[in-house]
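Starting from the known structure of chain A, arrange chains B and C with the ligands on it as the hints suggest.
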Amino acid sequence: MTTLTKVNHDSDQHAAENHEHADHRLFGLATFLVADGMTFAGFFVAYLTFRAVNPLLPDAVYELELPLPTLNTVLLLVSSATFHRAGQALKRDQAEQCQRWLLLTAGLGLAFLASQMVEYFTLPFGLTDNLYASTFYAVTGFHGLHVTLGALMILIVWWQSRSSGGRITSQNPFPLEAAELYWHFVDGIWVILFIIFYLL
Amino acid sequence: MSIPSIIRILLLGIILVLGGLWIGQNVNLLPVDASLNAAVYDELFRVLFSIGTILFLGILGLVLFSLIKFRRRPGQQGDGLALEGNLSLEVFWTAVPAVVVLFIGLYSFDIYDRMGGMVPLNHGAHDHQQMDMQQNIWGGIGANVEVSNTDNALAALPVEVTALQYAFLFHYPKGDIISGELHVPKGQLVSLRLEAKDVIHAFWVPEFRIKQDVIPGQPTVLNFTATKTGRYSIVCAELCGPYHGSMRSAVVVDEADDYNTWFSNNAKTTVSEA
Amino acid sequence: MTAAIPPTSDEQLDHLQPTGWLRYFSFSLDHKVIGLQYLVCGFIFYLIGGLLGGAIRIELASPMSDFMARDVYNQVLTLHGTVMIFLWIVPVVNGAFGNYLIPFYVGARDMAFPRLNAVAFWMIPPAGLMLISSYFITGAAQSGWTAYPPLSITTPAAGQILWILSVLFLGGSSIFGGINFIATILKLRRPGLKLMQLPMYCWAMLGTSILVVLSTPVLAGTLILLSFDIVVHTGFFNPGLGGNAVVYQHLFWFYSHPAVYIMVLPAFGLVSEILPAHCRKPLFGYTTMVYSIMTIVVLGLVVWAHHMFTSGTPPWMRLFFTIATSFIAVPTGIKFFNWLATLWGGRISLNSAVLFSCGFIVNFVFGGITGVMLAQVPFDIHVHDTYFVVAHFHYVVYGGSVFVIFAAIYHWYPKITGRMLNEHLGRFHFLITFIGFNLCFAPQHWLGLNGMPRRVAEYDPQFTFINQLSSAGALLMALSTLPFLWNVVQSAINGPIAGDNPWKALTPEWLTSSPPPVENWTGEAPLVTEPYGYGVTEEQFQKTATNNSDRRSSDQ
Ligand code: HEA
Ligand code: HEA
Ligand code: CUA
Ligand SMILES: [Cu+2]
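Read top to bottom, the protein sequences are chains A, B and C.
If you're matching positions, the first sequence starts at 741 in the working numbering and goes up one per residue.
If you're matching positions, the second sequence starts at 92 in the working numbering and goes up one per residue.
If you're matching positions, the third sequence starts at 321 in the working numbering and goes up one per residue.
These are calculated hints, taken from the structure and not from any lab test.
A few of these clues could be false.
[Stated by the list, open to error] Straight-line Cα separation of at most 30 Å, DSS-like style, residue types lysine-lysine; simulated pairs: (1) C:K507 / C:K824; (2) B:K319 / B:K359; (3) B:K160 / C:K507; (4) B:K359 / B:K265; (5) A:K831 / C:K507; (6) B:K319 / B:K277.
[Unchecked claim] So these bits of chain C aren't anywhere near chain A, every CB distance computed over 12 Å: (7) Y366; (8) F456; (9) F557.
[Unchecked claim] According to the in silico footprint, chain B covers these stretches of chain C (three or more CB under 8 Å from chain B): (10) 348-356; (11) 417-424; (12) 681-691; (13) 751-765.
We put the CB at the ideal spot given by N, CA and C, even for glycine.
One chain only, chain A, in its complex shape:
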C-alpha cells in the first residue's frame, strides 16, 4: 500500500525551501526564544519567591558587588549594537566590514564571559553555600551557557560570511539574522537578570 511515489514539483520545492521558508525559520526561532524566556521567567520567579519567603540562614553569606556586573551589562549592550552594525554591513554587501563588526561582537561576548568568571572566583560564597547563592549561580550559569553558545554561533557566522566562499551573503542572511535575534534575546535576559539579582 505504500507504492505511491513523489510527484514532479517535489524537487523544486525542496530546492526552493531555503529561500522560501527563511521567514518561517526566524518565526520558529522567535517562538523558541519565547519558550527559552519562559525557562528564565521560571527561574526569576523562583528566586523572587525565595527572597520573599525564605529568610537567609543566620550565618549565611550572600553579597554581590556592583562594578563588575555593571561593566558586564555595558559589554553586552554594546555588543548588541555592534551585531546590529554587522547585519547592516551585510545588507550593503560589505563582507569585510560585516566580519569586523562580528569579530568585535564575539570579542565583547568573550570579554563578558571572562569578567563573569572573574566575578565567580572573587565572590565570597560558593554554589552550595546557601539558597540565594545556589540560585545566583544556577541562573547566571544558565545565562552564561547561553552567552557561550551565542559566542560560538557568532564565530561560525563570522567564518561563513567571509567574502569568498562564505555561505552567508546579502542573499542568504538568515544565519546571521538568527544569531543576531538570539544575541539580542540573551542581552535582554541579562538586563532583567541584572535588575533582579543585583539591583533589587
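Only chains B and C with the ligands this time, still in chain A's reference frame:
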C-alpha cells in the same frame, strides 16, 4: 417550536432537577461526620452532588436521546439539518454554567469561611532580615493559637504535631505529654501546629473532613472541634516513601472527663487549670 | 475523487527517503510517516503503561502489600503515570494526529520544519527506553509522577535522575513539536485560506502549542534545579538546607496543570472533526468553539495552585484559584453543548468512531464535574490525594483523551491504510472498554470519600471489596485491547478496500487518495473554505425524510 413541546421540555427539566435534588439529598457517600467541620462539609457535598447529578443526567439523557432519535436508519441516505449555530442558544449555555459556577464558588467560599479557613495568618517574619523562622506559620485552617500564653480566652487546646517517616508524634505543651495517638476532648477547639522532620506528609482524618500537609521547614496550622466520641484513623495522605501506606495513627475523642483523666495520668508537669 | 498518480520515474525518488515499510524506522521527513511513528510508538508505550496499571490493580486486589514490595509499588506507579502522560497521551494526541492532519488542514505538503519534526519524534524512543530501563538497571524513580521534593531528593538518586533526564527529553520533544505546529498553522496556510476557515483541530493544536511553548520550559528549568539538589546537594527545594519545598510545587504545576489541557484540547479538536462527518451536520457554533479554546488556554495558565490547596498556601491564593478554576467549566461547557447541538437533528451513523466520541462526552462531563467539585477549596481539603482524585483524572484522561484516540483511530484508519476496520469488532471493543472503564474508576470516587489515600500499596481492609470491583474493571479494560489489536492488524492485511473517502467527509485530508501520496496531493492542494459544509436546508430535509433520495452534500 410548538407550545406542547415547550411544556414537555419544561416538565422533563423539572423532573430532572427534582430527581437530582432528591439523589443529592438522600444518597450518602460519606463516612460519619465527627467534627464541626464535617457537618458543614456534608452540606456543601450535598449541594455539589445535587448540581452534578442534574448536569450529568441531563447531558447523558441528551446524548442517548440524540443517538436514538437521530440515528441513521437503514436505507436513509440524506444529510442532517444544516444548522450552523444559534446566538441565543450560545448565550444561554454560556450564561447558565457561568451563573452556576459563580454560585458554587461563592457558596463554597462561604462554607470555607465557616470552617475557619479564611482567618488571616499571622505572618510574623515577612522581612528576611528577621531570622526567627518559627514565627512563620503557613496556611491551614484557623488561626495559629499562641502556645506560650495558654491561659487566654481562646480556650483552644494546642497540640504540636511532628510527622516523620513513618509516624505522627503529638506533643501537648500544657502537660508536656508526648503521645503516638491524638487524644482530644469532645466539643473543644483543638489547634494543631504541624511540622515534618524529613519529607512532606499529610495529616488527614476522614471523619473530620480535614487534611493539612505537614511540611518540613514550614509549620502549618489546623483547627478543629470534634463532635462525636470514638476512635478515628489518622491517615498520612502524601506520598512519603515505601511505607507511606502504613503511616497511620488514631485520634481518640473522649468526653471531657475521660479526657482529663487521660491527661492527668500522662502529664509530666501539673497544670493548675486542668 | 480519484487521484491521478503520475508514472514512477526512478531518478525522482529522493534517495534520502526510503519507501515501503522500512521508512517507518527511518529518519523520515514525511509528516504522515512521522505521525504514524508517533502513533505506533505511543501505542506500544500505552501497552507498557497499561501493564503497569494492571500491576497496580493486582496489588490493590488485596489490602496487604503482597504482590510486590512497597518500594517497587512506588516505582510502578511513578512509571505508570509518567509513561501514560508523557509517552502515550501527549505524543499521540499532539504528535501523531497533529503531524498527520495539520499539513492537510492548512493545505501544505509538509510541516514548516520537517527536519525539526523528525528530530522531535526521534527524541521519544530513547527517552522512553531510558525511563523503562531505569527500572531494571538502577530501580526507577519512586516519588510519583509529580516528584515532589524532599522525597525525590531522598529516594535513590540514580532512578530519579534518569526520570528527570527522560522527562527533559520528552519536554524538549514536545516544545519542538509545538513550535512546528504554531509555524505550520500560522505561516504555511495555503493562499486564500483564512484562519476562521480552518478545521477545528487546527485551532485546538494552536491553543495546545501555545500552552506547550509557554509552560513546558518552566518544567524543564524546575527539573534542572531539582537535579542540582540531587546531584550536587544544593538546597533549592530542600528545607534542610534552607530551601523551599512548596516553590517546587508551584513551578511543577505551572506546567502540569496546562499539561492536562495539552492532553485534552487536541482531543476536543479531534472530536470536532469526527462528529460532523458522521452526523452529516455542520459543526455547531464554530466561532464560539474557537473562542472557548482560546479562553481555556488563557485560564489554563492561571489555575495551577488548585493542586496545592493543602500545601499551606495563603487564603487569598486559594480563593483566587478556586474561582479561576471553576470558570474553566464555562468555555469547556460551551464546547460540550456545541457537540450536543451537532448531534441534534443529525443523521448519525452509530459506528465505532461515533460511539467512542459519545463515550468521551459522557465520561468527560462526569470527570469535569468532579473536577469542578475538586476546585472548591473546602471540598478538596477532604479528598485531596485520595482515590477521588485518581478517579477524577482517569475519567478525564482515559474517559476523555484515550476514548478520543480510539475514536480517531476508527475514523482515520481508512485514510491511513486505505482499508476499513471491522465494525462489529469495533463496537464490541467500545462496549467492553466503556463497561470496564466505568467499573474500574467509578467506585474509586467512593473509596476516596471514605478514607483511602492514593499511592498506597496497602489499605484498610474495609475497602477490599470495592477495590476488587475496580480491579475487575481493569481486567475488562485489558481484555478490551485484544479485539482492537486484532482488528487493526487483521484489517491492515485483508480488510475491505475503503476507497478514497468512505465517510464522504469534507475536510481536506479526505480530498486526496487513501493512503495519500507522499506530497499529499497530486497537483494543487484544494482550497477548502467550508470544512463542515454538510447538511441540507429545511425544505430539502423534509423531502429526504419522505423519499429517502440520496442527497448527501458531498456527492459531487
Ligand atoms: C486531561 C486531563 C484533565 C482535564 C481536562 C482536567 C480538567 C479539570 N480538572 Fe483535573 N486533574 C487531572 C487531569 C485533568 N483535569 C489530573 C491528571 C489530576 C491529578 C494530578 C495528580 O495529582 O497526580 C487532576 C487533578 C485536579 C485537581 C486537584 C485535585 C487534588 O489533587 O486535590 C483539581 C482541583 O481543582 C482539578 C480540577 C479540574 C477542573 C475544574 C477541570 C475542568 O477543566 C473540567 C471542565 C469540564 C466540565 C465542568 C464538564 C463540561 C462542562 C459542562 C457540561 C458545563 C456545565 C458544568 C458546570 C456548570 C459545572 N483536577
Ligand atoms: C494519562 C493516562 C493514564 C491512563 C490511560 C491510565 C490508565 C490506567 N490507570 Fe492510571 N494513572 C495515571 C494516568 C493514566 N492511567 C496517572 C498520571 C497516575 C498518577 C501516578 C502518580 O500517582 O504519580 C495514575 C495512577 C493510577 C492509579 C493509582 C495508583 C496509586 O495512587 O496508588 C491506579 C489504580 O488503580 C491506576 C490504574 C489505571 C488502570 C487500571 C488503567 C487502565 O485504564 C489501563 C488499561 C490498559 C491496559 C490494561 C493495557 C492492556 C494491555 C495489556 C494488559 C497487554 C500488555 C501486553 C504487552 C505489553 C505485550 N492508575
Ligand atoms: Cu507520611 Cu505518607
Ligand atoms: Cu489542574
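Here's how the hints hold up against the structure:
1. C:K507 / C:K824: 29 Å, holds
2. B:K319 / B:K359: Roughly 28 Å separates the two Cα atoms, so the pair holds.
3. B:K160 / C:K507: 43 Å, violated
4. B:K359 / B:K265: Roughly 9 Å separates the two Cα atoms, so the pair holds.
5. A:K831 / C:K507: Holds, at about 25 Å.
6. B:K319 / B:K277: 7 Å, holds
7. Y366: Non-interface label on C:Y366 holds, nearest chain A Cβ at 24 Å vs cutoff 12 Å.
8. F456: Answer for C:F456: holds, closest chain A Cβ roughly 32 Å.
9. F557: Label violated. Min Cβ-Cβ 9 Å, cutoff 12 Å.
10. 348-356: violated (count 0)
11. 417-424: violated (count 0)
12. 681-691: Coverage by chain B holds here, the residue count being 6 at a Cβ distance below 8 Å.
13. 751-765: violated (count 1)
Of the numbered hints given earlier, the model fails hints 3, 9, 10, 11 and 13; all others are met.
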